[in-house]
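Residue numbers (my numbering), protein chains in the order written: chain D, 1 to 505; chain W, 1 to 505; chain A, 1 to 505; chain R, 1 to 505.
Hints may be right or wrong, so weigh each one.
Partner residues aside, some chain R positions facing chain W, computed with beta carbon under 7 Å [claimed, not checked]:
| no. | residue |
| --- | --- |
| 1 | Ala175 |
| 2 | Pro330 |
| 3 | Lys377 |
| 4 | Gly395 |
| 5 | Tyr402 |
| 6 | Ile405 |
Far from chain D, by Cβ distances over 10 Å, these chain R residues were calculated [to be verified]:
| no. | residue |
| --- | --- |
| 7 | Trp226 |
| 8 | Asp271 |
| 9 | Val287 |
| 10 | Glu356 |
| 11 | Val436 |
| 12 | Arg495 |
Only part of the chain A face toward chain D is listed, based on derived beta-carbon distances under 7 Å [to be verified]:
| no. | residue |
| --- | --- |
| 13 | Gln173 |
| 14 | Arg174 |
| 15 | Pro297 |
| 16 | Gln298 |
| 17 | Asn301 |
| 18 | Ala320 |
| 19 | Ser324 |
| 20 | Glu374 |
| 21 | Lys377 |
| 22 | Gly378 |
| 23 | Gly379 |
| 24 | Ala383 |
| 25 | Ala384 |
| 26 | Tyr402 |
| 27 | Gly406 |
| 28 | Val409 |
Keep in mind that the hints were calculated from the coordinates and are not lab data. Yeah, the Cβ is synthetic: ideal placement off N, Cα and C, and Gly gets one too.
Protein chains: 4
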Amino acid sequence: MNAKIRTHSPVWAHGTGKAKEVRERIVAFCAGRDVTSLAPCDEALIHQDISTNEAALLALAKAGVLSKKESRSLARALIDLRGQFESGKFSLDPELEDVHINVEQALRSTVGDAAGRLHSGRSRNDQVACDLRLWHRDRILSHIEETLELLTLWLEQAEVEKGTVLPGFTHHQRAFVTTWGHNLVAYVQAWLRDVERGWGVFERTNRSPIGAAAGFGTSWPLDREWMADLLGFDSVLENSADAVSSRIEVETDIASWMSIWMNHCSLVAQDLVLFSMEEFKWVRLAVEVTTGSSIMPQKRNPDFAEVIKGKASLVHGSLASLLSMAKGQPSGYHRDSQYSKPLGQDLWREVEGVPEVYRLVFGSLKLDRKRMKEATKGGFLEAAEWADSIARESGLPFRDVYTCIGQAVDHCRKTGALTRSAVNDALKKNGFEHRVSAATAKKLASPESLIAGRSTLGSPNPKRVQEQIESFRATVVGWKKKVDRTTKRMERKDRERQREIENLL
Amino acid sequence: MNAKIRTHSPVWAHGTGKAKEVRERIVAFCAGRDVTSLAPCDEALIHQDISTNEAALLALAKAGVLSKKESRSLARALIDLRGQFESGKFSLDPELEDVHINVEQALRSTVGDAAGRLHSGRSRNDQVACDLRLWHRDRILSHIEETLELLTLWLEQAEVEKGTVLPGFTHHQRAFVTTWGHNLVAYVQAWLRDVERGWGVFERTNRSPIGAAAGFGTSWPLDREWMADLLGFDSVLENSADAVSSRIEVETDIASWMSIWMNHCSLVAQDLVLFSMEEFKWVRLAVEVTTGSSIMPQKRNPDFAEVIKGKASLVHGSLASLLSMAKGQPSGYHRDSQYSKPLGQDLWREVEGVPEVYRLVFGSLKLDRKRMKEATKGGFLEAAEWADSIARESGLPFRDVYTCIGQAVDHCRKTGALTRSAVNDALKKNGFEHRVSAATAKKLASPESLIAGRSTLGSPNPKRVQEQIESFRATVVGWKKKVDRTTKRMERKDRERQREIENLL
Amino acid sequence: MNAKIRTHSPVWAHGTGKAKEVRERIVAFCAGRDVTSLAPCDEALIHQDISTNEAALLALAKAGVLSKKESRSLARALIDLRGQFESGKFSLDPELEDVHINVEQALRSTVGDAAGRLHSGRSRNDQVACDLRLWHRDRILSHIEETLELLTLWLEQAEVEKGTVLPGFTHHQRAFVTTWGHNLVAYVQAWLRDVERGWGVFERTNRSPIGAAAGFGTSWPLDREWMADLLGFDSVLENSADAVSSRIEVETDIASWMSIWMNHCSLVAQDLVLFSMEEFKWVRLAVEVTTGSSIMPQKRNPDFAEVIKGKASLVHGSLASLLSMAKGQPSGYHRDSQYSKPLGQDLWREVEGVPEVYRLVFGSLKLDRKRMKEATKGGFLEAAEWADSIARESGLPFRDVYTCIGQAVDHCRKTGALTRSAVNDALKKNGFEHRVSAATAKKLASPESLIAGRSTLGSPNPKRVQEQIESFRATVVGWKKKVDRTTKRMERKDRERQREIENLL
Amino acid sequence: MNAKIRTHSPVWAHGTGKAKEVRERIVAFCAGRDVTSLAPCDEALIHQDISTNEAALLALAKAGVLSKKESRSLARALIDLRGQFESGKFSLDPELEDVHINVEQALRSTVGDAAGRLHSGRSRNDQVACDLRLWHRDRILSHIEETLELLTLWLEQAEVEKGTVLPGFTHHQRAFVTTWGHNLVAYVQAWLRDVERGWGVFERTNRSPIGAAAGFGTSWPLDREWMADLLGFDSVLENSADAVSSRIEVETDIASWMSIWMNHCSLVAQDLVLFSMEEFKWVRLAVEVTTGSSIMPQKRNPDFAEVIKGKASLVHGSLASLLSMAKGQPSGYHRDSQYSKPLGQDLWREVEGVPEVYRLVFGSLKLDRKRMKEATKGGFLEAAEWADSIARESGLPFRDVYTCIGQAVDHCRKTGALTRSAVNDALKKNGFEHRVSAATAKKLASPESLIAGRSTLGSPNPKRVQEQIESFRATVVGWKKKVDRTTKRMERKDRERQREIENLL
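Given the sequences, and given the hints that come with them, work out the whole structure.
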């Protein structure tokens, strides 16, 4: 027996196969930074900085700023550098300040002074703005993609569970009968707005600042539109001053979007936290997605859900930092905003695993449908529907019926469910002639028939839920195509640009 | 002499005509809540609540839930109520909790129990969600409209000032020559993204929650799609649970949008604060937009600009509150989120005057073009362009030229401007053969020729600024048409709905 | 039957006597701003502004700046004005900008130009700073007082409930047996830190800025130390620049303090929300502190608790606004910070009722001790204590015992409680010789004996809880005396100052 | 010439000696995370975790839970471990989750099962809470110490510069003559409040949670008071539930304190940013504390000041995260709050260098006293003092004099300074008989005499500034002694505890 393993994960390490994989994924997700170090921010930008240099090389070569010979040697050097980077042989030297100087220096050591000439008309202001936009746009696209996978799963499960009744809550108090399928579709509807929002953020991010130099343009003849196209941007961020000073806006836009999204994530988390409590036991989380305790052998803690709520708070704070940083600045670049880089990267690191984790959690979740259904029988979930039904049948004003039902509820508190006789007594006592028939009472007695009576568009009635599923499924498919098309276009542009570089040889 | 006026506004009350109007507008904008009370939140929602009741009446009448007679008397009562409201005769009774109960009670006092029957299938949860969406969508549209007016003004001024040179800054230090026109276009480019963002918010806001009831639909046969159309919504927020719990998201979405926008506003404010300081005097604010001091007779304080920066912080805090409120909630409505109503309304009250105030400020601003131009001659704004020019002419690597220019700058610190001889000395001292010709030096000597040399798309070169102006002008016009079309559609829907109500008579 | 009452509060209006009073208090607490307007901020400062004027009059009279005659007439005018204000006859004229000009104008209308001379050496900068410090210091003291009342109640209840067992949670999962009394004492311990923090805030608030003028002192011979003393300040905020620019720090300090306190409040709220859910029913909120629903007659919603959580988010956002507002300002007063006034006042309005509401809620709460105790028997709350006990008796390492107990728990999941035989089987299976005796098993079988076994200082063992109660009670009494003494000193200073004014007659 | 150095720091690397050291310190301060990785959080806690284990060993040995033999071998193992750690030979294994398991495992590999027995009665909940409090209390003390060094420097400089006149601002507009010495003393007054606040935070932090176990105490006979004393805590955090759940409050308390402090830091930063602009040139930052530009050879950017403002925003966001995280949690530990660890550590990493950087910056700052003084002659800084003086001499009401001076200011706008004749004309025009004598005018003509006329306590009058300096110097010395005494006590406790461990051998 390995003392090490025995020590630190006494209970929850005994999974195998798929469960083991899942557990490892969950542990990594929850781990945080206790024993993990964070890489330098610019390590994430090496690919992007090489790409930006490629675009610059092509533009300067085309404009004749670089001679054929210089272009050729720079092309060779960039191809080599990319090769080194991709095979893990290029890493950043901390003494060289940032990725831009590191890349420049790597080129210089190969081609000498021509490396300096590659920086004609360029400033670190537009370089970093460009690299970051390239980096973030990829994160955005893949995050939307991950999310759409989760929505697909929820829609599948909603179809299965559209008849699974449980209490719906308002104010943490039981309110109406609803279904698990309807809950899932509610998540989907909210998250689809997040996808919409995210797409807007993508469109605002995928604009090219390159060529703005320090914010005031340059006298070097750079073709900004062509450079933008070479990098797969949708358009040029024309005004050079704004192109540079809007750098922090990219992260702020993302953090705003994520702040709302993370609140949607936190709602799902809180539903799972509540419904898996001993006092509910409506859902049972797979053991491999839960965490044990170092001293309580019985524990199956929903750490992943708590961590997601914590992450929501983290993102809110990052947004607050970003907004505060930019407030009150005059025109021009200011170093205050340098923190947008780690804030933006930390943000993605914290949130990007959430959709996958939810796929693992929902994919392995067990519902206790029996307990859920039993729970619909306490708490007078049917009270409002009795009132509606009587109002409809009798023509009495709802408010009067409401009063009678209220009294009947008070009378039945001990047993926990409305009886026909209690209701009829209350109607009588208040001087109304209408009485509830046995047939009507029967229809109000089962959670399923209560749900079936809910007729409006978008309600938990299984037929209505099915409509929602179909409509949202179509939307999800539409988004998937759009994201896929865009991703492919970016990849094609990458290949094309690299081919152009090869053509310089 | 009126002692009262003399007392409280000794210096800054002597305006007349247009200036007086402007001053009053500015004073009101800056006033805050010192001696102004705030109306109850629901007072703003009376029109919207009557509209929602109209839609409900039409739907319940069509479904046969209400008899012809009931429909007729309710139609009459609603027409009367709207009339009273529009003529200022309807106000809220604080003992009746909220606008919904106030309206219900007003109807009840006219038509009796039918007023209660008008609430079949409705909950305050979907009513308030609906009223608020109607209210906010109008604010959004008119805010965008106001903004577009300002952008139009800035583009006009940019055209006039595209040749007005002044120093451009980075790190609060003079960096490059730029133009006032380019600054203005930078504002426009940023604000156009805000308009884009705002339109996304509008689209997400203009969806109908009505018919979602308490979040679980209803057994009353309400046609949600028709109700949505009657109220001018673009679509139905289908899933009933999300329709209700997304209520706070409307305000959060707006606050996110506004938070970034207000930062753009704060940038303009800070530019004006700086450039109007005694130490700059590049812009001169009209006396009527400034504020005096109670003890310093010489003061012309840019209070409006400071207030705008303060408002930015206010909005950031509101966003933080809204995000924190929703975090960690499980499914269903929770009263925590009731504060979204005052937060959302306060937010609009604080920000909605900003575009108009900027129109007043920029409309009356005086530029001191001479001082601006003089300022371009200190601080070595031309240094980087000398370096670029020499690198281009000589073929030397930029980094080496940079070093020479750096030394020449050090040498010329006393006089404050680069001389050809200092530069040539530095080139010589570093062992380079290239020398700057008199012709080249001349081109680098005037701020206008420096600017004219900036050739890239989006740069401050007046030709490039003109391109930007034309492109943005077309975008502004496009948005104006879109907003106008939408506003008109809303108004038409309002009239149509009211006509349908009249048809019930 | 009153149609009005029937309409808007169908269920929850039937209380009488004490319950009715409580309900009205709760309804007011939850009401928010829907149908309530907010008074102008400066209305709250009239008393303070008159006091500040009194101090100024005394200082100027003593310095001989005002003649005896002027002093006499100003003294008479101030006495009259205070009289009018106290009898409700003085209100603010919105055209006179703020409370300072209103008061000045009121004096001017009585005494003419001498009112102007009363402003020698004074600026609105130090006047408002002074008024606000006076206002906030009173709020702080009375808030601490209210809080101490609540802590007294909790300590009383803790003494009664120190033996009332229920499950303690970590990660929302049952962890260990604890007691209701221990929970209450945990609240007290946290809130006592809040009192400490609040006292620090009081000390920093109760310093006098008066005489700092616009931030640069004055040439008028004002005795700042005497003025501070006349107003009951502890000391003078000496440096005049900081005295003025620290104005926003008062509110920020309060908001920081309150932000943590409100989180403590939100913890209590969430405990009540959870424990009163249908799925728990461990506590039963009195009907008069809950709220009904407009369509669900069965509802007893814990709105007050949700509102408290919402208020926590409000306060957090206010703090964010205040911090962001002050960030990046250079020395000197800036109007950005004017929003500190409404933010500070709104903050108090939102939080000041919380301690009283908790007194009402806890004063009327019913515990279901039976259900609480039953709940200690599921969820293997005893598991860790079995492990501890076996480790202690056997000398085996805790980690090994933990493993055995973990296996026994898995074996007993169906029945929900550990059995001696399952544990002994696990010990055997893992090759350990130790066995749990019947006597030991018995000691681990009851929640009361588990609790009694917890021996450490501060644990839920009733004897230990009693120690905590006694220690905290002494602390509470100590604070009460301190607050009381301070409040009385302030009141005495008020009287003394007014007497000095009378002496001028 | 080294190509590497030439490349990345073309201008600003040529310092030597002290200047070079300063530059390296500044570069490191500004560097951020671009090319720097962050260590795992728990690496910072190794010393603390060993200390906590030492206390536990002593307590368990004393209670007889551990045999003499076990105690001896554990003592030896802990001494070895500390030795390894101090000589850099102990580092964390990421597979072992956290520092606690790493330390436990290191002991286990030496002493076997006894390592497990050392964890009797301990949970990671109280261990981490204890380690963090130990870590933070040291940060707090050394941060206060660093700060007091800076305040000492400012007071020295204030003494030198108490007669150095410059314009004082309100609303970014020149207001009154003030002095650089007065500015510095204003900083000191604000920062002394921060020291006060920090001391309160220290007192609340230096309380011992150890022995609280998972929040519910333990049945192992641990002497919590002794353990607290062994670790240098001031007292025991008695209630075990609060001892554990208040963990996040430590960081929140620190972040609140730091948020206000950082705003004070940002004020100093903004003063330096403004006053070092080309348009002011009142202060000249030493070249070694500024940063150059990659393309503009003339730049001397105040990056350190911008970075400090950015850090302020970072800290504000961290506070928002911490507050939001804790909001709405019920009793008990929840994993949401795990992020308090990196937030708390990042916060210190960001802020702890600020006092030192300000010492370097102020230590090398050059004032341009001539330009400062010249600036006092524009902008009518003397206007209010003319008004005061006339009001005093003439007995006219201030408001009337204010009006006259306002008119005179308008008349003199061209020349930029008030003339006696313009003032006398205005007095005459308004019908007043008083005239300003030549003698009076002379007294108002020099900035020094204006300042000398400012008589109130705390004003910029050099005599008054001297009083402030003396009073604050005494306060600083008092704090230094207190901090020093406390630091020494901690160190003594560390030695004593380690000696007790040696006694076990």
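Q | Interface-negative label, Val287(R) against chain D, beta-carbon threshold 10 Å | A | holds (17 Å)
(Q) Does Trp226(R) clear chain D by more than 10 Å, comparing its Cβ with all Cβ atoms of that chain? (A) holds (22 Å)
Q: Tell me if Gly379(A) is really an interface residue toward chain D, meaning its C-beta lies closer than 7 Å to one of theirs.
A: holds (5 Å)
Q) Do the numbers back the hint for Gln298(A), that is, is its least Cβ distance to chain D under 7 Å? A) Cβ of Gln298(A) sits 3 Å from chain D, so the hint holds.
Q. Hey, does the Ala175(R) contact hint survive, CB to chain W under 7 Å?
A. holds (6 Å)
**Q.** Consistency of the no-contact label for Asp271(R), given chain D and a CB cut of 10 Å
**A.** Given that every Cβ of chain D is farther than 10 Å from that of Asp271(R), nearest at about 15 Å, it holds.
Q. Holds or violated: is the Cβ of Ala384(A) closer than 7 Å to a Cβ in chain D?
A. Since chain D brings a Cβ to about 5 Å from Ala384(A), closer than 7 Å, the hint holds.
(Q) Can you verify the interface hint for Lys377(A): is its Cβ closer than 7 Å to any Cβ in chain D? (A) violated (11 Å)
Q) Holds or violated: Ser324(A) as interface residue toward chain D, Cβ cutoff 7 Å? A) OK, holds: Ser324(A) within 7 Å of chain D, min 5 Å.
Q. Any CB of chain D closer than 7 Å to the CB of Glu374(A)?
A. violated (11 Å)
Q.
Given Arg174(A) as an interface hint, is its Cβ closer than 7 Å to any Cβ of chain D?
A. With a minimum Cβ separation of about 5 Å from chain D (threshold 7 Å), the hint on Arg174(A) holds.
Q) Does Pro330(R) pass the interface check with chain W, least Cβ-Cβ distance below 7 Å? A) Hint violated; Pro330(R) Cβ to chain W Cβ min 11 Å, cut 7 Å.
Consistency note: the structure conflicts with the earlier hints numbered 2, 3, 4, 20, 21.
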